[in-house]
Amino acid sequence: MKPYPTWKFVLLALVALVGLVYASPNLFGDDPAVQVVLDSGGAPPATVGETIATALNDAGIDAVSNQAEGDQWVVRFASADDQLEAADVLRPALGRGYGVALNLAPKTPDWLQGLGARPMNLGLDLRGGVHFLLEVDVDDIRAKAKDRYLNDLPAFLRRENIRYSGRRAVADGVELEFPDTERAEAARSAIVEEFPEIELTPSPDDPLKLSVQLSEAEAKRLVDFAVRQNLTTLRNRVNQLGVAEPVVQRQGEARIVVQLPGVQDTSRVKDLLGATATLEYRAVSEADANAAAATGLAPPGTELFFTREGNRPVLLMRETIAAGSQLIDASATVDENGQPAVSVTLDGAGAKRMFAFTENNVGKPMAVLFREREVVTNYNAKGEPMREQREIEEVISIATVRGVFGKRFQTTGLTSKEAHDLSLLLRAGALAAPVEIIEERTVGPSLGADNIAQGQMAALIGLVAVMLFMAVYYNVFGLVANVALLLNLVLVVAVMSAIQATLTMPGIAGVVLTLGMAVDANVLIYERIREELAGGAAPHEAIESGYGRAFLTIADSQLTTLIAAVVLFALGSGPVKGFAVTLSIGIVTSMFTAIVASRALVHLLFARRSLRDLPV
Amino acid sequence: MRLLSRVPNINFMAIRRPMLAFAVVTTLVSLALVGLRGLNFGLDFSGGVLVEVVYAESVALDPVRARLDDAGLTGATVQYFGSSTDVMIRLGPDAAEGAGQISTRILEALSADGPALEVRRVEFVGPQVGDELATDGALAALFAIIGILIYVAFRFEWKFAVGSIVATVHDAFLVLGWFALLGIEFDLTVLAAILALIGYSLNDTIVVYDRIRENFIDQRRASTVDVVNLSVNQTLARTIVTGGTTLFVLTALFFLGGSAVHGFSIALIVGILVGTYSSVFIASSMVLVLGVTREDLLPPQDEEIDETP
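Going down the list, the protein sequences come from chains A and B. Be aware that the first sequence starts at 1, since it is given in my numbering, and climbs by one per residue. Be aware that the second sequence starts at 1, since it is given in my numbering, and climbs by one per residue.
Wrong hints could be hidden among the right ones.
Ranges between beta-carbon positions, derived for each pair [claimed, not checked]: (1) Leu61/B to Ala59/A: 48 to 56 Å; (2) Gln249/A to Thr293/B: 49 to 57 Å; (3) Ala13/A to Thr77/B: 51 to 59 Å; (4) Leu61/B to Glu218/A: 52 to 60 Å; (5) Trp111/A to Arg6/B: 52 to 60 Å; (6) Arg608/A to Leu142/B: 51 to 59 Å; (7) Asn475/A to Gly291/B: 39 to 47 Å; (8) Gly72/B to Trp111/A: 58 to 66 Å; (9) Leu605/A to Ile240/B: 24 to 32 Å; (10) Asp113/B to Val64/A: 41 to 49 Å; (11) Thr77/B to Gln249/A: 30 to 38 Å.
Since the hints were made in silico from the structure, they are not lab data. Cβ coordinates follow ideal geometry from the N, Cα and C atoms, glycine included.
Given these sequences and hints, build the entire structure.
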């Protein structure tokens, strides 16, 4: 028998070792934990650890560990009771701006984590939870843009002293009519300069008419902005739910996926996802805010609010200068002096009022007020749901008016982090466009547990049946195939854990199916060896040519299946994708185990012996 | 242990014409079934709402229906699901149109002052999503087939590619026909199963083709029919063993895997039975029908060797 190259033994040992290492995190189980995230995204600062430690110490709860893990701060506990109690203590201690969620933190040892080894993700169908697919109302975005131009353009023309004789809304834009061609031309060039984002088409049969449409690029930009703003808004809201590992992701052009593991009460979630938040710009009253706070009475024409940071009282004039619904865009930038600033864009009506206000109030303070209304479901003593509306009103920034501004303006006097946070908050406050739930899948935790148990049972029984059969049918070679099969299973789990693929029920079905098909490569080889033996080949020769000749067949047959699996992955969604992932991984690992692993084993077993017969 | 004591010598190709005719008939019957009876599309494709609840004690269906009617949710299908405590409620896409809140309404209607219940599963699929899934699924199947066609044509020859696709499409149609005949719910996991079947059935066909290619080169004197026959016979033991072990596992999945994978396992069990039969009769017969010759498969370097005495 030809010597089997040493490097293949080394490769096999290496792959088996790495496979075992990366598959092993799945064996360690979980700690009950509390997970703390920053609402605005990013990792919580290290000071959170001290706040948590103090709060837990005061409440007399012992934490097993209290440290940053990835982008989150994770506090582990010895028991689920401690965990629940701690979450109740930490929510008020950390306050707004932080999401506090119950979680199961994997008990993977540090040295394994250091290697990047983590357990597999379980899909919602296996652990229970809710999946929403939301669609952003694109028509609404376009309609609002059209309305805006319907108001903005005439106002702009009046400012420019260009008289128009008529305007009306048409299917996809605005049509303006002018008394003479001169003015039509003047209007055209003025509009092109001021509003580069829109498209102007002179009416073919009437030179006095000008029709204005939103350009495709601008429409796309608006939709894109609205979806991104909705993503931020929804992410913030979801963080407030206290759900561990929520997923808020964009899918395609105008859809958003929200996945909340472990959540049962979907009505509360739906209320929250649809809640409205607004932003208001208001003048700051010069009356004594501290006195008002002490008495609880605000002077006429003003209202008392508190700042988000520090809970300082502020008196604001009742009248709103501009509101969040008039906000088109907000981003963190730097001003002309290189100082951090937030650049805000208002729509026509908002810009007009802002212009009028700032013209008369240079040097005076202006405040940004954040208001959010959400429906909160609480449970009374009988366990019945009680819904109430809760309103949050906070002053998030006070800045001095430095000059006159209108459509676009900057709020300065912030640190760069504050500018970033404020722009985020401005964008995060309100949904830019209404969202509609177009898909909902809720899996109860008991069903999830059933699914896991049933999937494992089916896989186990299937595996045992196949292994028994192989051992009986192919004798010693069957045992070799069984070792390869087990290694294959370890490798599938290892790869899925390493790439953090999500295991779903169809995924388990995929694993089970690969078990059935993984024997195929071995069957091909052994049948071939039998044939060679029947054809009069000597045992060693039969092994050699059995493996050699079966190789091409295996490659051809498995690669065609792999093509199907890859196409499934690329085009499928949800369960189809989950299935395709495990199937693809299973095919690749089964080719490796059947060709390299099983051959190496056979070599170890038979190469040094003189054989008269093969136990196949 | 041996299934077959030696390589059998069954003249499969002698009955290739009646078998192909049979395949044509069964395919047409399947298509007719799908066309006339239609597939029982599940929620994934049709859209609508499905709510599965478990009551603490067994419950009669009529009061459940009455509660839903009272809440203005008419036309709901209410049925037991496994036992008299498990109830499944379904509302069609019309009733559910544009209403992400519909599942909440159902749950509120059921839980208000009623017997205690636990939600096991809620699925709501808007009509727009269902249509997309159907289109994406059909596209996935089409692209999978095209990809395989290209691969087989590249590795073998176009006649083999055509033969393998005919066999594969036949298998997929037969499974669809089976689902239409029995009215089993056709959902996303079934679609995944059919796509997996495309892979499996091809796998089976390719193994036979591979042997045909090898035998064409080795057995220089045998006729084309004999080569094909020999190849099918030589791979028969493998075909049966692999099909058998896969069926073992799928049977385990069917009986133990729970309702979530019932459709999946039925589709694959039927598919593997059909796929095994088609790789023996249809795929192999097709290459004969298409008139494959030894020259089609001889690689160029073999011809060079041929010329040396």
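Okay, the hints, checked on the actual structure:
Roughly 49 Å separates the CB atoms of Leu61/B and Ala59/A, a value that falls within the hinted 48 to 56 Å. Range check, Gln249/A to Thr293/B: Cβ separation about 54 Å, and the 49 to 57 Å hint holds. Separation of Ala13/A from Thr77/B is about 58 Å and conforms to the stated range, judged on CB atoms against 51 to 59 Å. A C-beta distance of roughly 55 Å is found between Leu61/B and Glu218/A, which places it inside the suggested range of 52 to 60 Å.
Taken as a hint, the range 52 to 60 Å holds for the pair Trp111/A and Arg6/B, whose Cβ atoms sit roughly 56 Å apart. The supplied range of 51 to 59 Å is met by Arg608/A and Leu142/B, whose beta-carbon atoms lie about 53 Å from each other. Separated by about 43 Å at the C-beta atoms, Asn475/A and Gly291/B satisfy the suggested range of 39 to 47 Å. In this structure, Gly72/B and Trp111/A meet the distance hint of 58 to 66 Å, their C-beta atoms being roughly 60 Å apart.
Between Leu605/A and Ile240/B the Cβ separation comes to about 27 Å, which falls inside the hinted range of 24 to 32 Å. At roughly 43 Å, the beta-carbon separation of Asp113/B and Val64/A lies within the given 41 to 49 Å, and the hint holds. Distance hint for Thr77/B and Gln249/A: a CB-CB separation of about 33 Å, consistent with the stated range 30 to 38 Å.
Going through the hint list in order, the structure satisfies each hint without exception.
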